[in-house]
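Engineer: Model the full structure from these sequences, guided by the hints.
Residues per chain are reported as follows:
2 protein chains.
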Amino acid sequence: MTTSETPAYQNLTVLSRELALLGDTEALLSWDQETGMPRDGVAWRAEQLAWLGGEMHRRFTRDEVGGWIADCEDAGFATDSDADANVREWRHAYDRATKLPSSLVEEFEKTRAMAKSVWADARKASDFSRFAPDLEKLIDLSRQRAECWGYEACAYDALIDDFERGARSAELATLFGELRPELVAIAEAAFAREPFDASLLAGHYPIEKQQAFNREVAEAIGFDFHAGRIDTAVHPFCTGLGPRDTRLTTRYDESDFRSSLYGVLHEAGHGLYDQGLRGDCHGQPVGKAVSLGVHESQSRLWENHVGRSAEFWENWLPRAAHYFHHLSDLTPEQLYRANNQAEQSYIRVEADEVTYDLHIMLRFEIETAVFSGDLAVADIPAEWNRRFEESFGLKVEKDADGCLQDIHWSLGIFGYFPTYSLGNLNASHLYAAARQQQPEIDSQLASGDYSGLLTWMRTRIHQPGSRFLPNDLIARAAGSPATSQAHLTHLRERYLAE
Amino acid sequence: MTTSETPAYQNLTVLSRELALLGDTEALLSWDQETGMPRDGVAWRAEQLAWLGGEMHRRFTRDEVGGWIADCEDAGFATDSDADANVREWRHAYDRATKLPSSLVEEFEKTRAMAKSVWADARKASDFSRFAPDLEKLIDLSRQRAECWGYEACAYDALIDDFERGARSAELATLFGELRPELVAIAEAAFAREPFDASLLAGHYPIEKQQAFNREVAEAIGFDFHAGRIDTAVHPFCTGLGPRDTRLTTRYDESDFRSSLYGVLHEAGHGLYDQGLRGDCHGQPVGKAVSLGVHESQSRLWENHVGRSAEFWENWLPRAAHYFHHLSDLTPEQLYRANNQAEQSYIRVEADEVTYDLHIMLRFEIETAVFSGDLAVADIPAEWNRRFEESFGLKVEKDADGCLQDIHWSLGIFGYFPTYSLGNLNASHLYAAARQQQPEIDSQLASGDYSGLLTWMRTRIHQPGSRFLPNDLIARAAGSPATSQAHLTHLRERYLAE
Chain A
1 MTTSETPAYQ
11 NLTVLSRELA
21 LLGDTEALLS
31 WDQETGMPRD
41 GVAWRAEQLA
51 WLGGEMHRRF
61 TRDEVGGWIA
71 DCEDAGFATD
81 SDADANVREW
91 RHAYDRATKL
101 PSSLVEEFEK
111 TRAMAKSVWA
121 DARKASDFSR
131 FAPDLEKLID
141 LSRQRAECWG
151 YEACAYDALI
161 DDFERGARSA
171 ELATLFGELR
181 PELVAIAEAA
191 FAREPFDASL
201 LAGHYPIEKQ
211 QAFNREVAEA
221 IGFDFHAGRI
231 DTAVHPFCTG
241 LGPRDTRLTT
251 RYDESDFRSS
261 LYGVLHEAGH
271 GLYDQGLRGD
281 CHGQPVGKAV
291 SLGVHESQSR
301 LWENHVGRSA
311 EFWENWLPRA
321 AHYFHHLSDL
331 TPEQLYRANN
341 QAEQSYIRVE
351 ADEVTYDLHI
361 MLRFEIETAV
371 FSGDLAVADI
381 PAEWNRRFEE
391 SFGLKVEKDA
401 DGCLQDIHWS
411 LGIFGYFPTY
421 SLGNLNASHL
431 YAAARQQQPE
441 IDSQLASGDY
451 SGLLTWMRTR
461 IHQPGSRFLP
471 NDLIARAAGS
481 PATSQAHLTH
491 LRERYLAE
Chain B
1 MTTSETPAYQ
11 NLTVLSRELA
21 LLGDTEALLS
31 WDQETGMPRD
41 GVAWRAEQLA
51 WLGGEMHRRF
61 TRDEVGGWIA
71 DCEDAGFATD
81 SDADANVREW
91 RHAYDRATKL
101 PSSLVEEFEK
111 TRAMAKSVWA
121 DARKASDFSR
131 FAPDLEKLID
141 LSRQRAECWG
151 YEACAYDALI
161 DDFERGARSA
171 ELATLFGELR
181 PELVAIAEAA
191 FAREPFDASL
201 LAGHYPIEKQ
211 QAFNREVAEA
221 IGFDFHAGRI
231 DTAVHPFCTG
241 LGPRDTRLTT
251 RYDESDFRSS
261 LYGVLHEAGH
271 GLYDQGLRGD
281 CHGQPVGKAV
291 SLGVHESQSR
301 LWENHVGRSA
311 EFWENWLPRA
321 AHYFHHLSDL
331 TPEQLYRANN
341 QAEQSYIRVE
351 ADEVTYDLHI
361 MLRFEIETAV
371 FSGDLAVADI
381 PAEWNRRFEE
391 SFGLKVEKDA
401 DGCLQDIHWS
411 LGIFGYFPTY
421 SLGNLNASHL
431 YAAARQQQPE
441 IDSQLASGDY
451 SGLLTWMRTR
461 IHQPGSRFLP
471 NDLIARAAGS
481 PATSQAHLTH
491 LRERYLAE
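As you go down the protein sequences, you meet chains A and B in turn.
Counting from 1, one number per residue, gives the positions in the first sequence under the numbering used here.
Counting from 1, one number per residue, gives the positions in the second sequence under the numbering used here.
Note that these hints are calculated values from the structure, not bench results.
Hints are all accurate, no fakes.
List time: in silico SDA-like cross-link candidates among lysine to any residue, alpha-carbon distance up to 25 Å:
{"#": "1", "chain 1": "B", "residue 1": "Lys209", "chain 2": "A", "residue 2": "Asp231"}
{"#": "2", "chain 1": "A", "residue 1": "Lys209", "chain 2": "B", "residue 2": "Glu208"}
{"#": "3", "chain 1": "B", "residue 1": "Lys116", "chain 2": "B", "residue 2": "Asp40"}
{"#": "4", "chain 1": "B", "residue 1": "Lys398", "chain 2": "B", "residue 2": "Tyr346"}
{"#": "5", "chain 1": "B", "residue 1": "Lys116", "chain 2": "B", "residue 2": "Ala233"}
{"#": "6", "chain 1": "A", "residue 1": "Lys209", "chain 2": "B", "residue 2": "Phe324"}
{"#": "7", "chain 1": "B", "residue 1": "Lys398", "chain 2": "B", "residue 2": "His408"}
{"#": "8", "chain 1": "A", "residue 1": "Lys110", "chain 2": "B", "residue 2": "Arg17"}
{"#": "9", "chain 1": "B", "residue 1": "Lys209", "chain 2": "A", "residue 2": "Phe324"}
{"#": "10", "chain 1": "B", "residue 1": "Lys209", "chain 2": "A", "residue 2": "Pro38"}
{"#": "11", "chain 1": "B", "residue 1": "Lys209", "chain 2": "A", "residue 2": "Pro206"}
{"#": "12", "chain 1": "B", "residue 1": "Lys99", "chain 2": "B", "residue 2": "Gly166"}
{"#": "13", "chain 1": "B", "residue 1": "Lys209", "chain 2": "A", "residue 2": "Glu208"}
{"#": "14", "chain 1": "A", "residue 1": "Lys116", "chain 2": "B", "residue 2": "His226"}
{"#": "15", "chain 1": "B", "residue 1": "Lys209", "chain 2": "A", "residue 2": "Tyr252"}
{"#": "16", "chain 1": "A", "residue 1": "Lys110", "chain 2": "B", "residue 2": "Thr13"}
{"#": "17", "chain 1": "B", "residue 1": "Lys395", "chain 2": "B", "residue 2": "Ser129"}
{"#": "18", "chain 1": "A", "residue 1": "Lys124", "chain 2": "A", "residue 2": "Ile413"}
{"#": "19", "chain 1": "A", "residue 1": "Lys110", "chain 2": "B", "residue 2": "Glu18"}
{"#": "20", "chain 1": "B", "residue 1": "Lys137", "chain 2": "B", "residue 2": "Val105"}
{"#": "21", "chain 1": "A", "residue 1": "Lys110", "chain 2": "B", "residue 2": "Leu15"}
{"#": "22", "chain 1": "A", "residue 1": "Lys110", "chain 2": "A", "residue 2": "Leu411"}
{"#": "23", "chain 1": "B", "residue 1": "Lys124", "chain 2": "B", "residue 2": "Arg251"}
{"#": "24", "chain 1": "A", "residue 1": "Lys209", "chain 2": "B", "residue 2": "Ser255"}
{"#": "25", "chain 1": "B", "residue 1": "Lys110", "chain 2": "A", "residue 2": "Leu19"}
{"#": "26", "chain 1": "A", "residue 1": "Lys398", "chain 2": "A", "residue 2": "Arg387"}
{"#": "27", "chain 1": "A", "residue 1": "Lys209", "chain 2": "B", "residue 2": "Asp253"}
{"#": "28", "chain 1": "A", "residue 1": "Lys209", "chain 2": "B", "residue 2": "Pro38"}
{"#": "29", "chain 1": "B", "residue 1": "Lys124", "chain 2": "A", "residue 2": "His226"}
Structural biologist: In C-alpha cells form, the structure reads like this:
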C-alpha cells in the first residue's frame, strides 16, 4: 500500500476538497462584495465571511487531522510525488494553523476589521497619527503571531512565509541591494529622454467598446470564457471560484482605454495560472498556486512582457483602431512608446516598470526596520519621506501620498510587498528562459500567436501547482534560479534602447 | 424568567442566525449561477450547494435541537409573542426535517438532480414519454415523503404545506370550484372585445434605456437600491441574500419594453416584502416571509393592481416617452388597454390576469388526481389536453405547450402551483382592504405617491413575518378572510368596463 492509498491520506484529500468547497464559497462572497453587493449588505456579509473562515479553521485544526498527517509522514513517499508535496504542505499549514491560540486569531481578526476603516479615514485626512494606534496594535499582534510560528533569523521571516513559502528577508535584502543601483541608473537615463506626448491618445473611449476590445485580447492570449468572466470593480483583481470558474475584474476610464486593457491583461495573467491548475486535485496543495511571487510573475508576464511589447501593438493596433477610430492616426511604434514611459511618481500602483521596484524596496525596508525594532511606528512617516526623497528625488508633501497610500498594513498584512518585486524578476527570468528554450515563441508572438508561450507556462509553472517550493519551481522551469539579470536586460531594452 | 430568556430559546435563536448565514450563502451561490456564472462552473457549484444544504440539515436535525424546542414548549409563552410564533414554527420545521430518513432525502435529491435535464430534453423534443419514468419516481418519492410527514385528509396536503402553511386541498378545491365559472364568464366576455392594436407599441427599446426607466419605477414604489439591485437572468426572480441585500432579476426584449418592466414590478413586489421583514430577527421565523401565497400577493399587487392601472400610466407615460420617444404618440388610456388584454394561450407564464388562474386550476386538478391515485402518470398528457380544451377551447398540439411546459415537476415540486392563485386572490383582497381602510391611498396613487400603500403592507404583512399562519395574517390585515370576491371585481373592472 503506497501512502496515497492509506486511509489517512484519503481522509486528507476528502477534507481538502471540503475546505475548497468552503474556500471557494468564501471567495464568491468576497467577489460579490467587490463587484455588486449593495452598500447596506456589508455587515451581514462580514458575518458570513467570518463564519466561513472560522469553520474552515475549526475543521482543519482538529487533532484527528494532525494524526492523519503524522500517519502519512510515517508511511513515507516517493520523492516528488503528489503525495510527497501534499503531505509536506498539509504539515506546514497545519502547524501554522494550530500554533496560534484562538484568542490571538480572534483579536487579530477584530483589530483588522476595525483598522481598515480607521486607515481609510486617516488616508482621507492624510493624517498618519490617526492610524498609528491601530497600526501599532496590528504590528504587535503580528509579532505575537510570528513568535507562535517560530523562525530562524527574524520574526519578519515568519510573516513573509504566509505569502512566499521559503523566502527569507536576508536573501531579499541582498537581492534588493544589488538591484537598487541598477534600477536607479536606468531610471535616471529614462527620465532624461523626451517623454511621449500623451495628448496623441486623447479621445473618448466608450466602456462597451473597451469591454469588447479587452475580451478579444483576453481570448487571444488564452483566457477561457467558458470557465471565467470579466466584471467591473474599483480595484482590479482575479479570484478563483472553483476548478472551472475564474473571475477577473477591471475598471474603466472613458478618457484612456489603457487603464482597463492593462488591468485585464494583468488579471488575465493571474487567471491563466488559475485556469491552468490541475482541476483533478482542486483543493489539494498540488492543485493550488504556489506563492504570490509566482502568481505575480504570470500577471506581469502578460501585462508587461507581452502586452507592452512592440509586437503586441503591431498586432493589436488595427483592432484597437476598429473600436477607437482616432487611434488609426497613430503608429504601433507610438503605442509601444506610450506604454513604456518612466516617470517620477508618489503612488506605487501608478508606477512604471522601472520605478515600481524602488517603491517596493522602500516598503520592505520600513517593514524590516519596524519588526527588528529599529523603527518606532510614530517615526514611520519621517523615515518614509526621508527615504522616498533619497530614492525618487521628490519631497512627500502629505501622508496620503506617502506611508498611508497602501491598504496592506490596515489589513494586518506585513511581508507581502516583496512578492510584487519577486513577481517582476520571475516574470523576466521565465520569459527569457522560454524564448531561449523555444526560439519559435518569438516568431509566434510576432504573429499574435500566444499558444507557445502559454503552453510553456502551463507545463512548467501552472500544472505543478505547489509540488515544489517557489524558488525550486522557477529554477526547474527556467533551468537556473531567478536573478535580477533578465529583468534588468528587459528594462534596458524597453526604456533605454533608441 | 420568560421563555425568550431561557437558555434553550437563546440557543435556538443563535442556531437560527447561523442557519440564515448558511442559507443566504446558498442563495448567493444560486443567484450567481443564474446571473453570471460561466458555463463550466456548474458541476462544482452543484457540489457547493449540496454540501451547504446537507450541512444546514445536519445542524438543524441534531437531537439537542429537539430538546431545546421541547424545553421552550414546556416553559409556555405569551400568546402572539415572537417567542410563541418562533417555537411553533421551529417545532413544525424540526418535525418535518427529522421525520424524513436521510436515505429518502438523498434519493430524492439525486433523482431531482437527474430529472431536471431529462425534463429539459423531453420538453425540447416535446415527448412526455421520455420524462415519464423520472416523473413517476419523483411522485413515488414525494408520496413517501408525505407518508413520513403525516396528514389528515390526503397525502397531497402534506406536500402543499411546504409552500403554504396550513392550506388544505379540500378547501382549495372548493375555492377553485366557485372561482372557475366566474372566470370563464369574464374571459368569454373579454375575448369578445376588440383587441388592442399591438403595432402601436412597435419600436426599438434599447436595454440601457429600459434599465434606467425600470430603476426609476422601482425606486418610486419604494425599492431601496442601497439594499438591493437588479440584474439580468433568463427567468426573472427575486432572492434575499441577507437582512439588507435583496436581488431582483429581469429579462429584456428590445422590441417590447413591457417584458422587463413588468418583470421588475413583479419581482420588486417580492423585494419590497423582503426589504420589509424585521432585520433584527433575521433567520427567526418572525423575521421570515410566511408563505408563497402571501409572497405572490405582494408581487401581483405591484405588478398588476398598481403597475397595470390607469393611474400608473397617467403618471408614467411621460417618463416612458422620455426614454422611448415614439411612445409620446400614445395616450395613457392606450397604455392601460395594452396592458390589460385577455387572450387564449397555451403557456401559463404568458397568460393575462383573467385566464391565469384557469391554468393553475388545471395543474391543481392533475396533481390531486395523481396523488389520490385516480390518474396514472402515463395518462397525464391525454388528461391535460382534454381538460385544457374544455377550459380554453384550444387543442394542445404538443406536450411542450401542454404538460411539459413547467419546470416544477422536474424539481420534485408538487403542491406549489395553487400558491400562485392564492397570491392573486390575496393581492386583490388586500388591495381592496387597504383602499377601504385608508381612502387617501387612491388619491396618493393617482399622483404617483406609493408610500401610503407600501406602509399599509409594511405594517400588516411584512413586519409580522411568520408570526401568524397565512390565512390568519391576511384576515387580520384586511379585517376579513380572503375570498375571490375582490379579485373578480378587480378583473371585471379591468377587462369588462367600457
